[in-house]
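**Student:** So the sequences go chain by chain: A and B. Following numbering that gives the first Met the number 0, the numbering of the first sequence begins with 0 at its first residue and continues without gaps. Following numbering that gives the first Met the number 0, the numbering of the second sequence begins with 0 at its first residue and continues without gaps.
In short, the hints are calculated from the structure, not lab data. Hints should not be assumed to be uniformly reliable.
Beta-carbon label-pair distances, calculated as ranges [said to hold, decoys possible]: (1) K19/A x N138/B: 36 to 42 Å; (2) T178/A x G144/B: 24 to 30 Å; (3) R68/B x V41/A: 51 to 57 Å; (4) K73/B x K5/A: 57 to 63 Å.
A few chain A residues that don't get close to chain B, going by computed Cβ distances all over 10 Å [what the hints assert, rightly or not]: (5) K2; (6) K5; (7) K14; (8) V41; (9) D84; (10) S87; (11) F88; (12) L90.
Small disclaimer: the values here were computed from a predicted structure and weren't measured. In this text, a Cβ means the ideal position worked out from N, Cα and C, and glycines have one as well.
Here is how the chains run, residue by residue.
Number of protein chains: 2
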Amino acid sequence: MKKNKKEAILNAAIKLFSAKGFKETHMSEISKMTGAAEGTIVYHFKNKENLFLTILTEFQENIVAEFARYNKEKKLKTGLAMVEDIISFYLQLANSMEDRFLLLHRHEAYVRAHASAAFRTHLEAIYTCFVDMFERAINLGKKDGSIGVVPARKTAIIIFGMVDAVLRFNTYGLYNAGTLFNELNLASRRILTAG
Amino acid sequence: MKKNKKEAILNAAIKLFSAKGFKETHMSEISKMTGAAEGTIVYHFKNKENLFLTILTEFQENIVAEFARYNKEKKLKTGLAMVEDIISFYLQLANSMEDRFLLLHRHEAYVRAHASAAFRTHLEAIYTCFVDMFERAINLGKKDGSIGVVPARKTAIIIFGMVDAVLRFNTYGLYNAGTLFNELNLASRRILTAG
DNA sequence: GTCTTAACTGAGCGCTCACTCAGTTTTTTA
DNA sequence: TAAAAAACTGAGTGAGCGCTCAGTTAAGAC
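All chains should be built: construct the whole structure from the sequences, respecting the hints.
**Tutor:** Printed below as a string of structure tokens:
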């Protein structure tokens, strides 16, 4: 039963980084949680910073894959219906990848992005991915008439931000996302149709 | 020229905490930045955690004061106009208290809030303050007819979240807040009037 | 001027933590 | 099955950190 401690380390690190933060998570904790020696962590990931970057890289790849899958599979009638569906998709995704989204909502990654181009690239890719989804749906809606005259990109950013904010409030324990779900859909519909 | 290093320490700590985070900011850096000895920091604030809490406490008091001042001074014609004005007010406030808002957008404070009731109370007070502002304007608008039938509290949360998201995107260098300002106003107007 | 109190200093201490490395165990290769 | 490669171990190390404390300097009281 040697081998494959790598995966376990990665999973433990995701949990700990998202719950406690980068600096506050210690190699000894990851070690204890996985049963792997600290040396093993270094053996696989070189150092703590690189472990963090590896997690972010995999997360980005996952998101992009989900995005591609969604775009292929889902064929909804109108662009407006698609926007609403993407809101649900996003909230469900956040639910099933809770810890990694928590990581995304931490500020830390953005601090690191200032120093490291790799961090920056990954973060931008993730956000762009989501905004692109909304933008695409808005453009479709403008064509099929379900969405009025709005600037697609900017409106996509606004709506994505609105949804993400609710998610963040939920994460921070300030307001419950579930009770705001209907308002979220209502608000997006109004933003898109009044034009 | 003795005395009043306290203020300097507070200002330096705000800058450093918001730029680098709690754990990543070292007493030695605050010391170097202010010219005060590390012992002086401890003399005034007991320890690092308490220094952080002091900053948050002062910030909350500032916000509440600004809120009270705004509510007394500003008398706009309609509730809808008031909502739009609050959006500007919020963005201006964030601009003039940039570092403290950055602190608010860090996740750290919320992690600490889980352990410390004091942190939690301050954070909730700050958010509640802003949501209250929006809610009050929405209720006024519903009475004067400028705003349609919407659930005031929930809609206030949604709009506040939307505005705060744009601010955060700006902070992270993802999208520019200035170019989204018009869309922000347009979106809020649509959310509030279509009902 | 003298005494008291508050503000301030910085070398030093104890501790934590990321990372090293020489060695062991398992898996793969031939 | 023997040799080579890969995976893994954990005591040890050294750098860095928050905080202490005995002492110094300045401000205010009388």
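**Student:** Compare the structure with each hint and give your call.
**Tutor:** Status of the hints after comparison with the structure:
The beta-carbon spacing between K19/A and N138/B, approximately 40 Å, falls within the hinted interval of 36 to 42 Å. Checked against the hint of 24 to 30 Å, the pair T178/A and G144/B passes, with Cβ atoms roughly 27 Å apart. One distance hint, 51 to 57 Å for the beta-carbon pair R68/B and V41/A, holds here, with the actual separation near 55 Å. Against the hinted window of 57 to 63 Å, the Cβ-Cβ separation of K73/B and K5/A comes to about 59 Å, which satisfies the hint.
Annotated as non-interface, K2/A keeps its C-beta farther than 10 Å from every C-beta of chain B; the closest such distance is 34 Å. Remark: the non-interface label on K5/A is consistent with the geometry, its nearest Cβ contact in chain B lying 27 Å away (cut-off 10 Å). Look at K14/A: its CB is around 14 Å from the nearest CB on chain B, clear of 10 Å, so calling it non-interface holds up. Every CB of chain B lies more than 10 Å from the CB of V41/A, the least distance being 21 Å, so the non-interface label holds.
With a closest Cβ-Cβ approach of about 19 Å to chain B, D84/A is found to remain outside the 10 Å limit, as its non-interface label requires. Every beta carbon of chain B lies more than 10 Å from that of S87/A, the smallest distance being close to 16 Å; the non-interface claim holds. Remark: the non-interface label on F88/A is consistent with the geometry, its nearest Cβ contact in chain B lying 18 Å away (cut-off 10 Å). Every CB of chain B is more than 10 Å from the CB of L90/A (nearest about 14 Å), matching its label as outside the interface.
Hint violations for this structure: none, all hints satisfied.
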